[in-house]
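Colleague: Sequences are here, hints too, so could you generate the full structure?
Given next are the chains, with one letter for each unit.
Protein chains: 2
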Amino acid sequence: MDLRYLEDLELDRPFACGGFSFTRDEIIDFAARFDPQPFHLDEDAAQKTYFKGLSASGIHTQAAALGCVVRRLDDIAVIAGASLDRAMFHVPVRPDRHYAVSAWWHEVRPSSRNPARGVAALKGEARQEDGAVVLEFGVTYVMARRPG
Amino acid sequence: MDLRYLEDLELDRPFACGGFSFTRDEIIDFAARFDPQPFHLDEDAAQKTYFKGLSASGIHTQAAALGCVVRRLDDIAVIAGASLDRAMFHVPVRPDRHYAVSAWWHEVRPSSRNPARGVAALKGEARQEDGAVVLEFGVTYVMARRPG
Chain A
279 MDLRYLEDLE LDRPFACGGF SFTRDEIIDF AARFDPQPFH LDEDAAQKTY
329 FKGLSASGIH TQAAALGCVV RRLDDIAVIA GASLDRAMFH VPVRPDRHYA
379 VSAWWHEVRP SSRNPARGVA ALKGEARQED GAVVLEFGVT YVMARRPG
Chain B
279 MDLRYLEDLE LDRPFACGGF SFTRDEIIDF AARFDPQPFH LDEDAAQKTY
329 FKGLSASGIH TQAAALGCVV RRLDDIAVIA GASLDRAMFH VPVRPDRHYA
379 VSAWWHEVRP SSRNPARGVA ALKGEARQED GAVVLEFGVT YVMARRPG
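If you read the sequences in order, they're chains A and B. Each residue of the first sequence is one higher than the last, beginning at 279 in this note's numbering. Each residue of the second sequence is one higher than the last, beginning at 279 in this note's numbering.
Please note that a few of the clues may not be correct.
[To be verified] Going by beta-carbon spacing under 7 Å, a handful of chain A positions derived as facing chain B:
no.	residue
1	Phe312
2	Gly336
3	Ile337
4	Leu344
5	Gly345
6	Ile357
7	Ala358
8	Gly359
9	Asp363
10	Arg364
11	Trp383
12	Ala394
Worth flagging that the hints you see were computed from the coordinates, not collected in a lab. Glycine is no exception: its CB is placed at the ideal position from the N, C-alpha and C atoms.
Modeller: In structure tokens, the structure reads:
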């Protein structure tokens with residue numbers, strides 16, 4: 279496998295990254311550890327909230343979508359993650375449904391201090407089966423530039 | 279317990295939210311599901327990277343810190359999460375160390391369209407034992423205004 283470096287990334291061209299789904303138990307288990315709010319923990323309690331039913335924690339959804347991106351981009355020369363950029367939640371994420379993830383590079387910038395490195399920022403989205411965007415997210419990596 | 283509404287939040291006063299730590303297995307298990315990169319999955323592979331040893335996924339760290347905030351703020355009238363704001367990673371997060379979390383409200387804004395609601399944005403940070411900030415993060419909630 280050829281490793282792709284900072285200068286190999288193509289801007290603004292979306293690529294599919296597969297997708298994810300959550301079982302009810304996965305939603306509850308994640309929320310119990312990381313986001314214990316009633317609408318993520320219990321179907322009956324969730325029915326009485328704005329969500330009108332169990333919905334996944336936003337950070338669970340963001341993590342699952344990011345996991346799809348990381349699996350798709352297993353050929354890029356990431357040095358480290360610099361930031362997780364703003365994630366916006368538009369529609370509740372429900373158990374036993376499929377969400378499709380796509381992403382695109384939106385900024386690539388060589389470092390002014392270190393000629394071996396640069397920063398690459400990606401945006402992504404997850405869509406439910408009717409095509410509505412449920413999540414927009416972004417991540418910024420420190421990446422290696424092509425050697426030599 | 280008295281529920282706290284949008285107008286009850288005090289701006290710019292940090293409050294302690296406890297803290298978190300990860301075992302090696304927790305770091306690897308989370309990364310296998312959500313962020314499968316070598317420096318989060320395997321100690322030997324991680325030694326050969328920028329991180330020079332196993333480090334937690336950024337989104338794992340963000341989720342754990344957010345969990346501390348959610349547990350601390352179990353008395354606020356959250357309707358839904360609107361966004362997870364930018365999370366920045368400054369220092370690798372290692373197994374079996376303690377990280378302390380604090381947070382503060384930095385913006386509260388009543389809705390111009392719905393008099394029963396508003397938006398409240400929180401910023402937070404996690405610090406390692408020597409006081410260095412390892413993570414800065416933020417979350418924006420849709421909240422209820424005080425009834426009547």
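Colleague: Give a verdict on every hint.
Modeller: Right, here's what the structure says about each hint:
Against a cut-off of 7 Å between C-beta atoms, the interface hint on A:Phe312 holds, since the closest Cβ of chain B lies about 4 Å away. Annotation: interface hint on A:Gly336 holds; nearest CB of chain B at approximately 5 Å, less than 7 Å. At a threshold of 7 Å, the smallest CB-CB gap from A:Ile337 to chain B is about 5 Å, leaving the interface hint in force. Residue-level restraint check for A:Leu344 holds (minimum Cβ-Cβ distance to chain B is 6 Å; threshold 7 Å).
The interface hint given for A:Gly345 is met, as the beta carbon of that residue sits about 4 Å from the closest beta carbon of chain B, less than 7 Å. Evaluation of the A:Ile357 hint against chain B yields a held restraint, the C-beta minimum of about 5 Å falling below 7 Å. Residue-level restraint check for A:Ala358 holds (minimum Cβ-Cβ distance to chain B is 5 Å; threshold 7 Å). Taking 7 Å as the C-beta cut-off, the interface hint given for A:Gly359 holds, the closest approach to chain B being about 5 Å.
Of the supplied interface hints, the one on A:Asp363 holds, with its beta-carbon coming within about 5 Å of a beta-carbon of chain B, less than 7 Å. Hint status for A:Arg364: holds, given a least beta-carbon distance of 5 Å to chain B, under 7 Å. For A:Trp383, the suggested interface contact is broken, since its CB lies about 17 Å from the closest CB of chain B, more than 7 Å. For A:Ala394, the shortest C-beta to C-beta distance to chain B is roughly 11 Å, which exceeds 7 Å, and the interface hint is violated.
Hint violations for this structure: numbers 11 and 12, all remaining hints satisfied.
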